[in-house]
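There are 2 protein chains.
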Amino acid sequence: MQQKTAAIVVIGNEILTGKSEDKNASYLIGELYTLGVALRRIVVIADDVNEIARVVRECADGFDYVFTSGGVGPTHDDVTIEGVARAFDRSVVRVPELEAMLRSYFGEGINEARLRMADAPDGSQLIRAEGLRWPVLATENVFVLPGVPELFRSKFDAIRERFRGEPFYTRAIYTREDEFDIAPQLDRVAGGHPEVEIGSYPTFTREDYRVKITIESKVEAAVERARDELLELLDPAAIAPGE
Amino acid sequence: MQQKTAAIVVIGNEILTGKSEDKNASYLIGELYTLGVALRRIVVIADDVNEIARVVRECADGFDYVFTSGGVGPTHDDVTIEGVARAFDRSVVRVPELEAMLRSYFGEGINEARLRMADAPDGSQLIRAEGLRWPVLATENVFVLPGVPELFRSKFDAIRERFRGEPFYTRAIYTREDEFDIAPQLDRVAGGHPEVEIGSYPTFTREDYRVKITIESKVEAAVERARDELLELLDPAAIAPGE
Numbered sequence: 001m002q003q004k005t006a007a008i009v010v011i012g013n014e015i016l017t018g019k020s021e022d023k024n025a026s027y028l029i030g031e032l033y034t035l036g037v038a039l040r041r042i043v044v045i046a047d048d049v050n051e052i053a054r055v056v057r058e059c060a061d062g063f064d065y066v067f068t069s070g071g072v073g074p075t076h077d078d079v080t081i082e083g084v085a086r087a088f089d090r091s092v093v094r095v096p097e098l099e100a101m102l103r104s105y106f107g108e109g110i111n112e113a114r115l116r117m118a119d120a121p122d123g124s125q126l127i128r129a130e131g132l133r134w135p136v137l138a139t140e141n142v143f144v145l146p147g148v149p150e151l152f153r154s155k156f157d158a159i160r161e162r163f164r165g166e167p168f169y170t171r172a173i174y175t176r177e178d179e180f181d182i183a184p185q186l187d188r189v190a191g192g193h194p195e196v197e198i199g200s201y202p203t204f205t206r207e208d209y210r211v212k213i214t215i216e217s218k219v220e221a222a223v224e225r226a227r228d229e230l231l232e233l234l235d236p237a238a239i240a241p242g243e
Numbered sequence: 244m245q246q247k248t249a250a251i252v253v254i255g256n257e258i259l260t261g262k263s264e265d266k267n268a269s270y271l272i273g274e275l276y277t278l279g280v281a282l283r284r285i286v287v288i289a290d291d292v293n294e295i296a297r298v299v300r301e302c303a304d305g306f307d308y309v310f311t312s313g314g315v316g317p318t319h320d321d322v323t324i325e326g327v328a329r330a331f332d333r334s335v336v337r338v339p340e341l342e343a344m345l346r347s348y349f350g351e352g353i354n355e356a357r358l359r360m361a362d363a364p365d366g367s368q369l370i371r372a373e374g375l376r377w378p379v380l381a382t383e384n385v386f387v388l389p390g391v392p393e394l395f396r397s398k399f400d401a402i403r404e405r406f407r408g409e410p411f412y413t414r415a416i417y418t419r420e421d422e423f424d425i426a427p428q429l430d431r432v433a434g435g436h437p438e439v440e441i442g443s444y445p446t447f448t449r450e451d452y453r454v455k456i457t458i459e460s461k462v463e464a465a466v467e468r469a470r471d472e473l474l475e476l477l478d479p480a481a482i483a484p485g486e
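Protein chains in written order, with my numbering: chain A, 1 to 243; chain B, 244 to 486.
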């Protein structure tokens, strides 16, 4: 079963200080799940070149795809391009094709701040797609996306189909039993079905159930097998319809 | 200027697959800011012992405080205690004092799953506080908090005052100028005032301004100095009242 993995690196002091709420990682979580990509890590870090370089490198080594969000504007705190370049020991170069697009678009209004938008880590790929005015920048397996949520979404949406894989299947069981009392049964089924992910989520705010159990895999039949086995081990009188 | 730093490690497949939305990191962002603690990193990872160990160790080495969220229940996917122990090369031990509390609380209902709640990395500290039924577990500078949002908040709230430091001061300037056109002015003020953090946030959804500029520091006078200098460099006719 082919399964691609991903990490999201959100870059921005404004998230860490609560000035802005993250909207991009939370959007991408749902998109990647729908696309069948296993998201394995989200990291939120400050606008710091060395921090960006270190985290991007670690994620690029560990996962198939890395998506960065933020830090790609014209000001002193926009250091993502430099950070990604440093992650791969590359220099930042001005890309002639991007420079030509900017000069054509801004005409007389072109200035050094706008030209910085043509800078990229050496050897980056420019991904063109329908509906995109500017290409998406990719350096190795790192896709560099802007922090402004509207732009982040339109750029990701334009390239999303290239990430599509086999979908995940998920079933849920809701029970009024206490998590402490069903832990051995959950452990047993989890141990016997390594091809499925079993999650157990207690709640203290619902009247109708106490634990939501999720069973997930890329193989639908495996999900059903694990679910059937679990249902045999749980108290049938305590099963609830759930959400 | 004394400034403490922090990291948050959110542990849970349910966040990475979109089954649950993170509420704990987003709560802690605001709390830490109010307390004057500089949050430097948020990491969301899966329920994987080695991953937890690696990330917790890196954060514990790099920051003053680390807060973990999730993975502390009785089931197979609750591996935070083991991960934190492995981060510090310690074994997991059953803490006699916690075991006594559990036996007294559950009486006849005690079982192995419930007794697992008495397990902790060897040499951990138990923090007692008013309003807490169970102490908060701390291993070195790592504070282990539960994933259920209501429990996370009540536990953090009970110990929050021990993290209080000097507050942050923040001022904002809103301008109708384009970020590209004020980038040199922002760079100049940021370069001349290394004791303040200057943030620049373009928006495409507001009619009344195009860029929000934030100026932040623990020294109020430094914030005012940088703000005054910036206001002299920006077009006064383009300044907006903002939010």
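Because the hints were derived from the structure by calculation, they are not lab data.
Ideal Cβ placement from N, Cα and C applies to all residues, glycine included.
Check before you lean on any hint, since a few could be wrong.
[Stated by the list, open to error] Below, a sample of chain B positions facing chain A; criterion: calculated Cβ distance under 8 angstroms:
| id | residue |
| --- | --- |
| 1 | 263 |
| 2 | 272 |
| 3 | 354 |
| 4 | 391 |
| 5 | 422 |
| 6 | 444 |
Evaluated hints:
1. The beta carbon of residue 263/B comes within 7 angstroms of a beta carbon in chain A, closer than 8 angstroms, and the hint placing it at the interface holds.
2. The criterion of a C-beta within 8 angstroms of any C-beta in chain A is met by residue 272/B, whose closest approach is roughly 5 angstroms, and the hint holds.
3. Residue-level restraint check for residue 354/B holds (minimum Cβ-Cβ distance to chain A is 7 angstroms; threshold 8 angstroms).
4. Because the smallest distance between the Cβ of residue 391/B and any Cβ of chain A comes to about 6 angstroms, under 8 angstroms, the interface hint for this residue holds.
5. Because the beta carbon of residue 422/B sits about 6 angstroms from the nearest beta carbon in chain A, less than 8 angstroms, this interface hint is met.
6. Taking 8 angstroms as the C-beta contact cut-off toward chain A, the hint placing residue 444/B at the interface holds, the least distance being around 6 angstroms.
Of the numbered hints listed earlier, not one is contradicted by the structure.
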